[in-house]
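Sequence lines, in order, name chains W and L.
Letter 176 of the first sequence, counting from 1, is numbered 176 in UniProt numbering, and no numbers are missing.
Letter 181 of the second sequence, counting from 1, is numbered 181 in UniProt numbering, and no numbers are missing.
Hints should not be assumed to be uniformly reliable.
[To be verified] Chain L regions said to be covered by chain W (calculated; three or more residues, Cβ under 8 Å):
hint, segment
1, 2-14
2, 20-32
3, 77-90
4, 108-121
Rather than coming from a laboratory, the hints here were simulated on the basis of the structure.
Being a predicted model, the structure only gives us computed values, none of them experimental.
C-beta atoms are modelled at their ideal positions from N, C-alpha and C, and glycine is treated no differently.
There are 2 protein chains.
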Amino acid sequence: MDKIGKYEFLAEPFHCDFSGRLFMGHLGNHMLNAADFHSSARGFGMKYLMTINRSWVLSRLAIEMEEMPQQYTKFNVETWVESAMRYFTSRNFAVTGVDGKVYGYGRSIWAMIDTETRQPTDIFSIDNGAINDWIVSDKDCPIDKGGRVKMSDGAELIRTIDTFYNDVDINGHINSVKYIEHVLDLWDLDWYRTHAIKRFEIAYVAEAHAGDKLSFYQEHTADDEYCVRIVRTDGTECCRSKVTFTKIS
Amino acid sequence: MDKIGKYEFLAEPFHCDFSGRLFMGHLGNHMLNAADFHSSARGFGMKYLMTINRSWVLSRLAIEMEEMPQQYTKFNVETWVESAMRYFTSRNFAVTGVDGKVYGYGRSIWAMIDTETRQPTDIFSIDNGAINDWIVSDKDCPIDKGGRVKMSDGAELIRTIDTFYNDVDINGHINSVKYIEHVLDLWDLDWYRTHAIKRFEIAYVAEAHAGDKLSFYQEHTADDEYCVRIVRTDGTECCRSKVTFTKIS
Numbered sequence: 001m002d003k004i005g006k007y008e009f010l011a012e013p014f015h016c017d018f019s020g021r022l023f024m025g026h027l028g029n030h031m032l033n034a035a036d037f038h039s040s041a042r043g044f045g046m047k048y049l050m051t052i053n054r055s056w057v058l059s060r061l062a063i064e065m066e067e068m069p070q071q072y073t074k075f076n077v078e079t080w081v082e083s084a085m086r087y088f089t090s091r092n093f094a095v096t097g098v099d100g101k102v103y104g105y106g107r108s109i110w111a112m113i114d115t116e117t118r119q120p121t122d123i124f125s126i127d128n129g130a131i132n133d134w135i136v137s138d139k140d141c142p143i144d145k146g147g148r149v150k151m152s153d154g155a156e157l158i159r160t161i162d163t164f165y166n167d168v169d170i171n172g173h174i175n176s177v178k179y180i181e182h183v184l185d186l187w188d189l190d191w192y193r194t195h196a197i198k199r200f201e202i203a204y205v206a207e208a209h210a211g212d213k214l215s216f217y218q219e220h221t222a223d224d225e226y227c228v229r230i231v232r233t234d235g236t237e238c239c240r241s242k243v244t245f246t247k248i249s
Numbered sequence: 001m002d003k004i005g006k007y008e009f010l011a012e013p014f015h016c017d018f019s020g021r022l023f024m025g026h027l028g029n030h031m032l033n034a035a036d037f038h039s040s041a042r043g044f045g046m047k048y049l050m051t052i053n054r055s056w057v058l059s060r061l062a063i064e065m066e067e068m069p070q071q072y073t074k075f076n077v078e079t080w081v082e083s084a085m086r087y088f089t090s091r092n093f094a095v096t097g098v099d100g101k102v103y104g105y106g107r108s109i110w111a112m113i114d115t116e117t118r119q120p121t122d123i124f125s126i127d128n129g130a131i132n133d134w135i136v137s138d139k140d141c142p143i144d145k146g147g148r149v150k151m152s153d154g155a156e157l158i159r160t161i162d163t164f165y166n167d168v169d170i171n172g173h174i175n176s177v178k179y180i181e182h183v184l185d186l187w188d189l190d191w192y193r194t195h196a197i198k199r200f201e202i203a204y205v206a207e208a209h210a211g212d213k214l215s216f217y218q219e220h221t222a223d224d225e226y227c228v229r230i231v232r233t234d235g236t237e238c239c240r241s242k243v244t245f246t247k248i249s
């Protein structure tokens with residue numbers, strides 16, 4: 001079996017924004033699905049892990065796009081494991097067109113936890129470190145690795161939202177994809193008429209639960225670059241995100 | 001080509017609720033996709049209609065489920081045209097498992113509009129009434145047709161929400177699928193722990209736009225039956241919905 005998985009998706013009409021381009025949240029969802037398809041086919045997917053009380057937990061996701069697929073376009077998400085360490089693995093993505101066109105790339109970092117203790121566990125303990133057989137070291141992912149999103153205390157509270165039934169995933173936590181949507185909802189349609197998302201980055205820090213209020217603190221950190229801290233009801237930081245835009249005409 | 005289209009979908013992890021069952025909004029989206037795949041393959045899909053300044057507009061959708069597909073389950077959405085009239089066509093759905101299992105059914109009513117004047121147009125004008133070649137009169141869809149959702153003036157305002165970037169579709173209107181999510185968000189997790197959605201019905205009356213506030217008026221119309229009226233900022237009614245629950249243990 002190929003070390004790189006390649007999965008076809010469609011930019012469905014109701015998954016596209018007012019400009020006819022795929023929403024970033026749905027692209028993120030496709031990447032998470034591709035990760036799951038790839039790992040499942042190779043013996044270390046979520047469904048198998050559930051049977052041994054283990055689970056992958058997404059720690060970081062960065063997506064950098066030249067262009068977003070347009071409504072009704074078929075595109076591929078390619079994914080592969082770039083490296084694995086005891087407590088973290090890094091998985092990359094390429095978003096490509098049927099004709100070899102490159103839309104963009106993604107990078108993600110995952111931990112593995114024990115679903116009973118919620119503590120990190122040794123990734124190499126799964127099938128004698130079998131994940132090492134799937135590492136691809138020679139495929140390029142030419143976007144920045146990212147890292148800790150630095151924010152000052154000067155970040156401003158710009159919105160607080162309630163969370164509802166549709167925000168909650170099978171673990172009872174606020175759905176990772178919904179955070180992406182809530183962050184990008186901080187800008188209005190007028191902004192998106194003149195700005196495309198160049199790079200979207202999110203680090204998942206702590207879980208929020210159904211009924212939690214989420215507060216969004218925003219800081220303008222560079223020209224067309226914004227950082228956002230999401231804080232749940234009890235004041236704990238849940239996520240930190242960085243969004244970079246490019247101006248479009 | 002078969003008059004009935006059959007499309008396979010997967011109950012993706014991030015499309016499932018806290019109980020591991022597919023969200024109704026995502027099932028609705030799959031039905032709308034199936035409708036689009038079916039009509040496109042038979043010459044009267046959205047993509048073709050756009051080229052002649054026509055568009056299908058969803059007027060009503062009713063979904064009645066025995067059971068919702070569970071996380072990671074593959075299921076089919078079958079769809080067919082039940083009848084066509086000059087200004088409305090009715091399209092049905094069956095949600096089935098790979099083993100012939102029946103999860104539930106759907107019914108929808110569509111109008112066709114001129115995208116320039118936004119006025120209804122004659123469905124039979126497309127390719128000399130070609131839609132008549134695709135009518136299936138002998139396939140059962142054993143759920144109620146529904147009809148006008150009756151509500152009194154006693155309906156109570158229970159929530160008002162803002163609409164954001166991710167709520168808006170390619171036409172600049174609030175996305176039909178998002179209305180389903182917003183309605184079902186009126187009940188909390190505790191409710192869904194003891195109640196499954198037996199039937200969901202929505203009628204789209206007028207469009208709302210980015211930035212509109214949506215107010216939800218709810219009326220308890222029968223045992224485990226609730227009606228919801230959604231009203232936009234200027235007081236115009238946008239949607240009316242009826243949700244019937246069954247108790248689960």
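The hints, checked one at a time:
no.: 1; hint: 2-14; verdict: holds (count 3)
no.: 2; hint: 20-32; verdict: holds (count 5)
no.: 3; hint: 77-90; verdict: violated (count 0)
no.: 4; hint: 108-121; verdict: violated (count 0)
Of the numbered hints listed earlier, those contradicted by the structure are 3 and 4.
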